[in-house]
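Hey, can you work out the whole structure from these sequences and the hints?
So the sequences go chain by chain: A and B. 185 is the number that the numbering used here gives to position 13 of the first sequence; each next residue is one higher, with no gaps. 83 is the number that the numbering used here gives to position 67 of the second sequence; each next residue is one higher, with no gaps.
In short, the hints are calculated from the structure, not lab data. Any given hint might turn out to be false.
[Unchecked claim] EDC-like mimics (lysine to aspartate or glutamate), calculated; alpha carbons at most 16 Å apart, straight line:
(1) A/K486 to B/D106
(2) A/K370 to B/D108
(3) B/K98 to B/D203
(4) B/K205 to B/D106
(5) A/K486 to B/D111
(6) B/K205 to B/D195
(7) A/K486 to B/D108
(8) A/K288 to A/E373
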Amino acid sequence: MLNSISNMGVRGWVIAMVLAALALLPAFAAYTDNSFYLDVGTRLVILAMAAVSLNLILGNGGMISLGHAGFVGIGSYAVGIPAYHGVQDGLIHFPLAIAAAALFALITGAICLRTKGVNFIMITMAFSQMAFFGFVSIEEYGGDDGLVIEMRSQFGDWIDLENNVTLFYLSFLSLLAVIYLVHRIVNSRFGMVIAGAKGNERRMQSIGFNTYRYQLVGYVIAGTICGYAGALLGNFTSFIAPEMMDWSRSGEMIFMVVLGGSGTLFGPVLGAAAFLLLEEYLSPLLDFFLYEGAGIYWHFSFGIILILVVLFAKGGISGLLDRLEEFRLRRKRGSDE
Amino acid sequence: MDLTLLIAQLLNGLQLGILLFLLASGLTLIFGIMNFVNLAHGSLYMAGAFLCASFTHLTGSFVFGVLLALPATAVIGIIIEKAVVQYLYDRDHLDHVLATFGLILVLDTAAHMIWGPDGIVVPLPNWLDGRVELFAGVVIPTFRLAIIGVGLVAAAGLYMLVARTRMGMRIRAGASNRDMIGALGVDIKQLFTFVFALGAALAGLAGMMVSPITEASIGMGNSIIILTLVVIVIGGTGSVKGAMIAAIIVGLIDTIGRSYLDDLFKVFMSDQSAETSAPAISAMLNYILMAAILAVRPQGLFPPKGR
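Set out below in structure tokens:
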């Protein structure tokens, strides 16, 4: 999965450090007695998982879905709705989340993938908005105001999600498993066909692949993983609302993928980390450096950063780290001579 | 069923359709000619509403407010095009989506900085604020009629511009082959800026027209942009004619669905389940329509030729 330690490169080291930091985070939070770090870490890990799943279709498959947050919402409602009716069993919640997300992905994907280019972007977005408005108008489950989950999913005696550290490690291990799964998919024949269809769909079809089917299966896998992430998120926040699947959430997920480096294995993790750091610290930084109260306008700077990343930072953080590596190697070679 | 109420609802649907057309025509032109996906189009709609509110309060007249806000919104469009958008034409759609998503954040927060967090009410002059009786028993607000009138005039003007002027000829040429008209000596950068400003002014006009009804508020563009996207996808992305027809269809379905779906459902299910399911279904109706149309015609109803 990783190359041998000796030629890991700058990017490899940064990724290893981020993963190590995450693995040690609960200890750090316990040591500083500040649960805030654990909260941010759990959100980071769950969002990273969603971003990794989006990257599977977006980075590797070239399918620009602007509706991926819909799966997060469906996954979390699959926890919230049974819990609302008094069903607390995690062995019902999680399979339900996975099945519901897979079904939604299958139905919407079958329609979306008939279209190409800009229409695909807009249709994926429209379908997630459809789910959004659907949940907004169901007053039984809180409508616009959302739903409080009184109790996290129960797994009998063997896993206690009420314990924040347990929830964190479950999410973290899930993230690692998902990354491994995506790694295997991308490097399989199946993944190659999807990547080939991104490069030149007509050519893939002419050598005999039914690209539509491959893309649809890829779309369903991505949606399913994201639904699972949504179930974890619902458990973590203990509060779910249609707002979770608003299209601006989908836009943020695309930003995480591109910021980290789309099409790279760990890029979305770096992107999610950078995104959350910006979200948490941009506002206090502005308060500190500009003037007191500037922080409430942090979205302004955030938008500008986003535009600058698109205009100037090709390949996102991963690309940046690779360029740093090239620079280092060139200097090393220069000093060797 | 009450016939006069039905007619009033049809007019409401038509009015929503006209507003959607003002938004969709600009968006679809920008896509058709520059191949550019502009998610921030709704923010220009919001900008139009806020500018109109400010100018109306400044001059004391809604009409002057609109007349001043129109060029002001176009100027904002030009600034955005020159500062960001023009560097993105050669990029892929993913970059368009992300950069314009950033633009939304910037523009919405800028509106928050300038106009504050609360909505601004836009007062109407007396002659627009009343009601008129169209024919026996059908009474509708004058202003809604005015919106329909303004929208139709704008649509006719747009048609004349595109079909009858030299500029329109260049726009049509640009839509079918932009490299070729560049090679023929047309300043393509200027043409792109013009089209973007035109789209901005049309979106702004929609915002101005809606502001006396809903007031100008932050984020008002972000809900209507979705319906606008549905419209241009149904109509066939890049086609102004398709945008017109799809806008009217979507406007009517949205309005009629909200008012009559529960009555329809009560025919074949219990009152209670009709009342709970009708709002959910009517909120999703346009998306269901879009899915149905795309399942049959993946390119939309009127895909532009030659692409």
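*Go through the numbered hints given earlier and state which of them the structure violates, listing their numbers in rising order.*
none
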